[in-house]
Structures are given as C-alpha cells and as structure tokens.
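Undergrad: Here are the chains, one letter per residue:
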Amino acid sequence: MAQSAAASQVLVKTGDEMSLDTELSRLLQILQVHEEDLLSRWTEAVSRQLRGRAVQLEVRRELTEIWNALRAGVAMGTTDAQSPAFDELRSLLAELSRTRARHGFSPRETAIGVLALKDSAQNVLDPAGDGSGLAELYREFLALGRLVDELEMFTFETFAEARERVIADQAEQLLELATPVVKLWDGIVALPLVGTLDSARTQVVMESLLQTLVDTGSAHAIIDITGVPAVDTQVAQHLLKTVVAARLMGAECIVSGIRPQIAQTMVALGIEFGDIATKATLADALALALSQTGTDIVRRAPRRRPRDS
Amino acid sequence: MAELSVLGTDEVPIHTDADVVRVRQLVRAAAVAAKLSLVDQTKIVTAASELARNTLIYGGGGQAVVETVNDGRRRGIRALFRDEGPGIADVDLALTDGYTTGGGLGLGLSGARRLCDEFELDSAVGAGTCIQVTKWTR
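Respectively, the protein sequence lines represent chains A and B.
No gaps in the numbering here: position 245 of the first sequence is 239 in this note's numbering, and each next residue is one more.
No gaps in the numbering here: position 42 of the second sequence is 55 in this note's numbering, and each next residue is one more.
Chain A extracted, bound-state conformation (with noise of 0.2 Å):
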C-alpha cells in the first residue's frame, strides 16, 4: 500500500497524466472482455452490502448503465473524473446517491457502489488471489483506482447534499405542521402547541396567531400549550411575548393546558403570568373565552326541539 502511494505521488509529480489514460482504456477493454463476470461480481458485491434491502436485478441494472457510462467517458481519452466526458456517469451517479439518500441508505451502503468496482475488477482478473494475474497490471490499477476514488468523492458529496436537503425539508414541514392556528368559535382562535417551543418556532407561531388575529376579526386567542412537555424561562418568556403581542392588537390571550406537575415546577422556578388568564384545560379556556364575548351555551331541554344558537 504505502509503495503504492509514494508511487502515485511520483507518477503526479512527473506529470505522467497521459499515458494513464491509454493505460485505463486497456484496462477496461481487457475487462470488457471479462464483462458477464465483472458484473456478476460487482452486483454480488453491492447486493451483500445492501442487505437485500435492493432487489439483485434492480442493482445489477444501475451497475451496467455505470459501467457503460465509465467506458464510454474513458473512451473519450481522459481520466479526469471532472471532465464534460464522465457528464452522464456524474448524473447517474448523482442520481443513485439521491435516491439512496432519500431510502434511508447509509453512507457506506451507498459509497459501496462504486467502490466495489476496484475489488472486482481485481478478482477477475487475479481469480487466484496472489496477485499474479496483477503483475503486469500496476499502472492500469492505478488509473482505476484513482478515477474510481474521484467518482467515490462525488457520490458521497451528493449523497450528503441530499441528506441536508431532506433534513431541512422536514424541519420546515415541523416548523409549519406544529402551529395551526384554529378557529374554535365565532372570535375565538386557538394555537395548539405541541413540542419544543424554541426562538424560531416561537417566531413562526406568533406570526400566524397575529395573522389569523387580523384574518378572522377575533379578539380572543387560546394559546394551549398541553403538548409542551416542559415550561421552562425560556419557553414562559416566548409565552409572555406573543400574549403582549396579541393584546397590543387588542385581542385577549389564554393560556391553557397547564397541567399539575407543570403549575408546580413553574412556582418553583419563579414564573410569573401576571395578569394573563390561564386554565388547565383548553375546555376551560373556551369557557371562560365564550363568557367575555357574552356567549351562553344553553343544554337543551329534554324532549323538546331546541333553537339553535
């Protein structure tokens, strides 16, 4: 390995690019010849890897099309995993990492796909194992190896985009999932928080009160915080911002939802809500909402047609 190295090292130095190009297409044309058993063992490869988790065909096909794809830019007269010649072996590989990506694939699982091209290559054409068959084959190997690890270094830049992008994907689908604003009653709108109440969400759970506020006309809001599973200062002073933010547009706030153990831990830690309504119930909070706008709810006598209110 380390003699490799150095070697590598050498062969960049003295700028020896060009003939391991001529040296990589005999290689691939010396594989060409072993192709039925290259891709039989690449697949096998992958497939073990991959735990059954792709279906063999399925595999075997995508490894053919990059196979293809590799000849055909190594065709081109070049081993420089960035040039215009390698265009449709970068998409498809791009394409591969994302779709691994987005299945829930691990790094190793996807990088394998491309990696196991060296040790396959290898086991053609040495079936015996003791590097015999490789003798005469040391630049060639080079060649391939230092193309495939370029290609390795690009699936796993896209493999790891695409993670990002699905990571930041969802937190924006939680960012608007956890703050439907609804509307409980004529004038009367409630927030269900569930979750975690940190500055951002705070700021996006604010802004759609205060819009739905305006939208609906209504000068009451029920803010329930029952799947807020801890109130701490943090979570109680976002609490106090959005109330005095809601009654500067002169709408009346209700906290709601504080269940026992959170009542008692916010005594302990010193929260005060002042003069803001609070219930521990979002039942008791339409209630008492309904009773400032003069609302009664009368239960309807037996047997007798009610009006509907």
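Keep in mind that the hints were calculated from the coordinates and are not lab data.
There's no promise every hint is true.
Claimed, not checked - Going by beta-carbon spacing under 8 Å, a handful of chain B positions derived as facing chain A:
| id | residue |
| --- | --- |
| 1 | 34 |
| 2 | 51 |
| 3 | 52 |
| 4 | 56 |
| 5 | 63 |
| 6 | 66 |
| 7 | 117 |
| 8 | 120 |
| 9 | 121 |
| 10 | 128 |
| 11 | 138 |
Said to hold, decoys possible - Label-pair restraints from in silico Cβ distances:
| id | chain 1 | residue 1 | chain 2 | residue 2 | range |
| --- | --- | --- | --- | --- | --- |
| 12 | A | 180 | B | 106 | 47 to 57 Å |
| 13 | B | 109 | A | 151 | 48 to 58 Å |
| 14 | A | 270 | B | 106 | 20 to 30 Å |
| 15 | A | 158 | B | 106 | 35 to 45 Å |
| 16 | B | 18 | A | 123 | 23 to 33 Å |
| 17 | A | 210 | B | 151 | 42 to 52 Å |
| 18 | B | 137 | A | 151 | 36 to 46 Å |
| 19 | A | 58 | B | 21 | 50 to 60 Å |
| 20 | A | 220 | B | 127 | 16 to 26 Å |
| 21 | B | 140 | A | 85 | 46 to 56 Å |
| 22 | B | 151 | A | 239 | 37 to 47 Å |
For each residue, glycine too, the CB sits at the ideal point set by N, CA and C.
Knowing the structure of chain A, use the given hints to seat chain B on it.
TA: This is chain B only, laid out in the frame that chain A set:
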C-alpha cells in the same frame, strides 16, 4: 452517609439548541427509568433545560453528564453541566431572582436551584463553570 453508587452515565456535548433538547430528553428518560414522580420528572427536566441553555448561551458550549445514582436508600438523577466559558464573577448576584446579563427572565439559575434537591455551583472567572444538580426519589 451510605456509599453513593452510579448506575448509569450518559454524556452529551452542548453546542447547539438541538443539544439542549437532547439533554432534556436524556434527563427525562433517566428520570422515568429511576421512577421519579411525574412532578419530580418535570422539575429535573426543566432544571436541566435551564442549565443546559446557560451552558450554551453564557458558557459558549460545554457538556452535560447525566447519571442515575443510588445512595443506598433511594435513587436519584444527577446532572452535571460543565463549560470553559468566562465563569461567574458574582455567584450570589447570579443566583438572585430576576438578575440576567442576557435577555432572559433571570430565573433560570435561581429557579433550577429551587427545582432540585441538591445544587452545587463551582465557577472561576476565566476558567469556566461547573454546576451539579441532584433530584432524589421520595
């Protein structure tokens, strides 16, 4: 006092808001496993949340160590928060309700002390801060 035995240890680095959430979840899981009452679970989780955020905001990041301990009679959750930030110049002032050098309510540190059974604060200006809290089962 009986020998204190540690039943389980978890370490979490604190460098982002997401880490604060992780600390909270870890403490909650440990508190549930140690069979703390729902009120005590909520209290230790809230205290951990305050202290982890202090580590992040004022200490510039650090780490949390969450342990399940047993003193021979009862189980407890012990959480340690360590940073190498600027340290606390006046501990008494920092523990005063309503005092803050950030934009918060000024209740985090003092509140966390009230939420736990044991509270140890060790801080040196320029060297960092180390806070350890413990909550016991009743």
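Undergrad: Give a verdict on every hint.
TA: We went through each hint and held it up to the structure:
no. : hint                      : verdict
1   : 34                        : 6 Å, holds
2   : 51                        : 5 Å, holds
3   : 52                        : 4 Å, holds
4   : 56                        : 5 Å, holds
5   : 63                        : 5 Å, holds
6   : 66                        : 6 Å, holds
7   : 117                       : 6 Å, holds
8   : 120                       : 5 Å, holds
9   : 121                       : 5 Å, holds
10  : 128                       : 5 Å, holds
11  : 138                       : 24 Å, violated
12  : A:180 - B:106: 47 to 57 Å : 51 Å, holds
13  : B:109 - A:151: 48 to 58 Å : 52 Å, holds
14  : A:270 - B:106: 20 to 30 Å : 29 Å, holds
15  : A:158 - B:106: 35 to 45 Å : 43 Å, holds
16  : B:18 - A:123: 23 to 33 Å  : 54 Å, violated
17  : A:210 - B:151: 42 to 52 Å : 47 Å, holds
18  : B:137 - A:151: 36 to 46 Å : 44 Å, holds
19  : A:58 - B:21: 50 to 60 Å   : 51 Å, holds
20  : A:220 - B:127: 16 to 26 Å : 25 Å, holds
21  : B:140 - A:85: 46 to 56 Å  : 54 Å, holds
22  : B:151 - A:239: 37 to 47 Å : 40 Å, holds
Violation of the numbered hints given earlier is confined to hints 11 and 16; the remaining hints are satisfied by the structure.
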